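Participant: Given chain A, work out where chain B should sit, using these hints.
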Amino acid sequence: MHELKFDPGMCGRCTTIDCIMKCQYLHYDLKTALSEHERLVDGEQSTILTDCVTCYACEEYCPYHNHPFYLIVDRQEELGVHPVPKPLEKSQVVMMGPRGKIRPKTLSPPVINMCFFTVMNACIRGRLFEGASLIGGSDIFCNLMFLHFARNSTIRQRLPQMIENIMKNYLEPSGVGELVCYHDECYGTYTSWAPAYGIEVPFRPVHLFDFIYRRLLELKADIKPLGVTVAYQRPCSNRLCPHTDHFVDDIFSLIGARRPKREFEYEHALCCGGVPEAQQRFELTEELQAKNVEDMKAAGAQYCVFNCPFCFWTLAERVFKAGLVPIMMSDLCLMALGE
Amino acid sequence: MDQIHERLTEIVGAAYVSDAAEEKFIYSRDQGVQEPHAPDYVVLPGSAEEVSAVVGLANREKIPVVPMGGGLVLSGLTIPQKGGIVLDMKRMNRIIEVNEKSHYAVVEAGTSQGMLDAYLKKHHSALKHSLPDAPPVATIAGNIAIHGSGHLSQSEGGFHSEMVTGLEVVLPTGELVRLGSCSTVPGWFSRAPLPDLVGLFLGWNGTTGVITKVGIKLYPRPPYHDVLVFMTEDIDAAPDILCRIINTGMAEDINYALAPKPDYLNGFQMTVINITAHSEEELGMKKKIIRESLRHYFETKEAGFMPVPPNLKANFLEVPQKALSKFADVRKGGGFEYVGAIMPLEKIPQACRAGMEITGRIGITYSLGARIIGRGHSAMFFFAYPFNRADASEVGKVARALEETNETALKLGGIPWKTEISGQQLILRQMDPQTRELMEKIRGVLDPNRIMNPGNWEVA
Chain A
6 MHELKFDPGM
16 CGRCTTIDCI
26 MKCQYLHYDL
36 KTALSEHERL
46 VDGEQSTILT
56 DCVTCYACEE
66 YCPYHNHPFY
76 LIVDRQEELG
86 VHPVPKPLEK
96 SQVVMMGPRG
106 KIRPKTLSPP
116 VINMCFFTVM
126 NACIRGRLFE
136 GASLIGGSDI
146 FCNLMFLHFA
156 RNSTIRQRLP
166 QMIENIMKNY
176 LEPSGVGELV
186 CYHDECYGTY
196 TSWAPAYGIE
206 VPFRPVHLFD
216 FIYRRLLELK
226 ADIKPLGVTV
236 AYQRPCSNRL
246 CPHTDHFVDD
256 IFSLIGARRP
266 KREFEYEHAL
276 CCGGVPEAQQ
286 RFELTEELQA
296 KNVEDMKAAG
306 AQYCVFNCPF
316 CFWTLAERVF
326 KAGLVPIMMS
336 DLCLMALGE
Chain B
691 MDQIHERLTE
701 IVGAAYVSDA
711 AEEKFIYSRD
721 QGVQEPHAPD
731 YVVLPGSAEE
741 VSAVVGLANR
751 EKIPVVPMGG
761 GLVLSGLTIP
771 QKGGIVLDMK
781 RMNRIIEVNE
791 KSHYAVVEAG
801 TSQGMLDAYL
811 KKHHSALKHS
821 LPDAPPVATI
831 AGNIAIHGSG
841 HLSQSEGGFH
851 SEMVTGLEVV
861 LPTGELVRLG
871 SCSTVPGWFS
881 RAPLPDLVGL
891 FLGWNGTTGV
901 ITKVGIKLYP
911 RPPYHDVLVF
921 MTEDIDAAPD
931 ILCRIINTGM
941 AEDINYALAP
951 KPDYLNGFQM
961 TVINITAHSE
971 EELGMKKKII
981 RESLRHYFET
991 KEAGFMPVPP
1001 NLKANFLEVP
1011 QKALSKFADV
1021 RKGGGFEYVG
1031 AIMPLEKIPQ
1041 ACRAGMEITG
1051 RIGITYSLGA
1061 RIIGRGHSAM
1071 FFFAYPFNRA
1081 DASEVGKVAR
1091 ALEETNETAL
1101 KLGGIPWKTE
1111 ISGQQLILRQ
1121 MDPQTRELME
1131 KIRGVLDPNR
1141 IMNPGNWEVA
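From first to last, the protein sequence lines are chains A and B.
Numbered according to my numbering, the first sequence spans residues 6 to 344.
Numbered according to my numbering, the second sequence spans residues 691 to 1150.
Same shape as in the complex, but just chain A (with noise of 0.2 Å):
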């Protein structure tokens, strides 16, 4: 079974512990940040096993990309610390599980990897998506969400298959080697957990953002400028991938809109509150989106946009009670051209 590249000893000689250090939801002083990592790298029990939030934001804090996020799931899980409530977590490996319906298909390109959010196919639409084909569902899903579960084994069962089926079913048929990624949780599947675990992956995936923005300049001239002020969401899966972050700001230059100076932004961006709610820890949720909406308000944003759909359901309400606009990436750039 493939096993977490992970090195003991690069933490052994780590002296900030930058991803304890940094992190925004466990509060600890130096020496119980270094010795609860320490029972965390030997196996043992350790708050940090049920006290994490599961932002994967610790993946993004380790200077030595050691992968701190995946090693904490791989110890909850032989732990056997549940995150989320037990009853949760079952029904959602079954919910999520492939259904082998997959059946062969030619495509054209480019192809758009949905993930499991088939409902939200309507996102794709206009110039912005001339000819694209959609892939999506069961059969294909990343699994990467078992993150939140403790459950990097659900990962490393299914996701060999995964991939083969988009191989097999769609991209070589099809004679396509790129697959653009709807969901950062997609692309960063296949740019750090997969290589982390010793997963090959044999297409190349593609952030959204980079995609929206190579279109964006094939049609900058009909974008209109929107003049407006724009708080980015950033979700946990972004963490896995943050150099994708600066699509956001090339493509607000392009669609003219201004990312405000926050202080829950890049580095510091906040959970949704989805994944704490599903913890049951209702307190913190409400903190964390409270804040979070407040940071949007003062920072003078008008609009809030979202590229997980899972962060827009769980805040696009308060965000709306808040004033401000709840939005989809790729609406805002379709707004942009006049779509």
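Everything labelled a hint here was simulated from the structure, so no lab data went into it.
Computed from a predicted structure; not experimentally measured.
For each residue, glycine too, the CB sits at the ideal point set by N, CA and C.
Hints should not be assumed to be uniformly reliable.
[Said to hold, decoys possible] Derived DSSO-like pairs (lysine-lysine); straight-line CA-CA distance at most 30 Å:
| hint | chain 1 | residue 1 | chain 2 | residue 2 |
| --- | --- | --- | --- | --- |
| 1 | B | Lys714 | B | Lys1016 |
| 2 | A | Lys95 | B | Lys977 |
| 3 | B | Lys991 | A | Lys95 |
| 4 | A | Lys27 | B | Lys991 |
| 5 | B | Lys1003 | A | Lys95 |
| 6 | A | Lys326 | A | Lys266 |
| 7 | B | Lys811 | B | Lys791 |
| 8 | A | Lys266 | A | Lys10 |
[Stated by the list, open to error] Using C-beta positions, here's what the derived DEER-type ranges look like:
| hint | chain 1 | residue 1 | chain 2 | residue 2 | range |
| --- | --- | --- | --- | --- | --- |
| 9 | B | Asn956 | A | His273 | 37 to 45 Å |
| 10 | A | His273 | B | Arg911 | 55 to 63 Å |
| 11 | B | Ala1004 | A | Tyr271 | 45 to 53 Å |
| 12 | A | Lys266 | B | Pro913 | 33 to 41 Å |
Facilitator: Just chain B, lined up with the frame of chain A:
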């Protein structure tokens, strides 16, 4: 044209009497598995006076009369076992009065749930009545007559029959009488302090008279509404969990359900808690109190609240709930059976196991669950069995399951609700003989010719 048809035509007009084969076919059956029996006449009266005249005629001629509301009872209670007249009340659908200050409405017996709900939303938006999870064509009178329950039964006083403030009924001998405060003063505000005769017409399956008007309690309609869904996988925990939620006093409606489909819910139970409030703050506070009541469960991770995405939440917030109506058609072919058993809360785990055992052994699908009634004084536990009417073997299996479920419900200490004739016989056999005798005496006094819905509640 025969003489009876002629006299019925004189009473209600030619357009509202029929003995045509196609009408008789439709009125001979319902969506359940009970054997069809055709009526001789279908009559749609337009007023209480017409009902009185029709029933008077039937009494003189000793013709059976079966009153019918929406015809959705499923257990054959409006199937005319011995022919005669089916009295379809749907034309009598006027909303006569809404008293905003005293919180009641007076409606004619054919008024549907959907009509009253729409009327209140449009003209009295601060008020609502308790809606059963039936299609909106179900009638107010039909539902109270069978001791129905609905989305306010948990928080606002129990069965819909308990929300009745007064009745107008036509007795089996044709007299029109009023019961409750409306018998003495103009208002329909209360059954107390008079001797309570309303109960003579509730739960009797139309064997004691025909309800023509109903006074029904109305309740505030708070503008804020949300839902919490608590997921478990231990059936035995149900009474404690439900009790904890009830005791907070914060939930408007509480429903518990389990089903083998979809796959991802098989083996789990969902407690759906609806909450209403007058402000966001109140809503938030109520959610907080309910969550706190179950902290013990979610902290151990053995159970927990499910995050509910907006598309799913919209379904949970629907009143009436359409989930069971949708489930009714899961096998296609238009067949649905339902044993509702009124039982104490502590029997829910046994009822769940019994339902799964019966359906597993017989080989049919199911949905099981319970609505909490009257802040936990009882539960309406449902064993719902959809079937394909075109599949005779499936119809037979469901009929068997129904019979076994009725027996099981009684053995568990519950009482089958609005049950078909065979179920009524089971209840009567178990009933205290003095109670049985009293029922017989009452019927003898009210209906000397035994014309009202014969076959129902008949002591063998």
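Participant: Could you grab the alpha-carbon distance between B/Lys1003 and A/Lys95 and see if it respects the 30 Å cut-off?
Facilitator: Answer holds: B/Lys1003 to A/Lys95 is near 21 Å, not above 30 Å.
Participant: Could you say whether the range 55 to 63 Å given as a hint is met by the Cβ separation of A/His273 and B/Arg911?
Facilitator: 44 Å, violated
Participant: With a cut-off of 30 Å on the C-alpha distance, tell me whether B/Lys811 and B/Lys791 pass.
Facilitator: 16 Å, holds
Participant: If you draw a straight line from the CA of B/Lys991 to the CA of A/Lys95, is it 30 Å or shorter?
Facilitator: 12 Å, holds
Participant: Hey, A/Lys27 versus B/Lys991, does the alpha-carbon distance stay inside 30 Å?
Facilitator: 28 Å, holds
Participant: May I ask you to test the hint 37 to 45 Å on the CB atoms belonging to B/Asn956 and A/His273?
Facilitator: 42 Å, holds
Participant: Given the hint of 45 to 53 Å, check if B/Ala1004 and A/Tyr271 actually sit that far apart at their C-beta atoms.
Facilitator: Violated: the Cβ-Cβ distance is about 35 Å, outside 45 to 53 Å.
Participant: Given the hinted pair B/Lys714 and B/Lys1016, is their Cα-Cα distance within 30 Å?
Facilitator: This hinted pair holds, its Cα atoms lying about 28 Å apart.
Participant: Is A/Lys326 close enough to A/Lys266, meaning Cα to Cα at most 30 Å?
Facilitator: Measuring from Cα to Cα gives roughly 21 Å; hence the hint holds.
Participant: Against the 30 Å threshold, does the CA-CA distance of A/Lys95 and B/Lys977 hold or violate the hint?
Facilitator: Since the Cα atoms of A/Lys95 and B/Lys977 sit roughly 25 Å apart, the hinted pair holds (cutoff 30 Å).
Participant: Can you let me know if the beta-carbon spacing of A/Lys266 and B/Pro913 is within 33 to 41 Å?
Facilitator: Distance hint for A/Lys266, B/Pro913 holds at roughly 38 Å.
Participant: What's the verdict on A/Lys266 and A/Lys10, does the C-alpha distance respect the 30 Å limit or exceed it?
Facilitator: 36 Å, violated
Going down the numbered hints, you'll see the structure goes against 8, 10 and 11, while the others check out.
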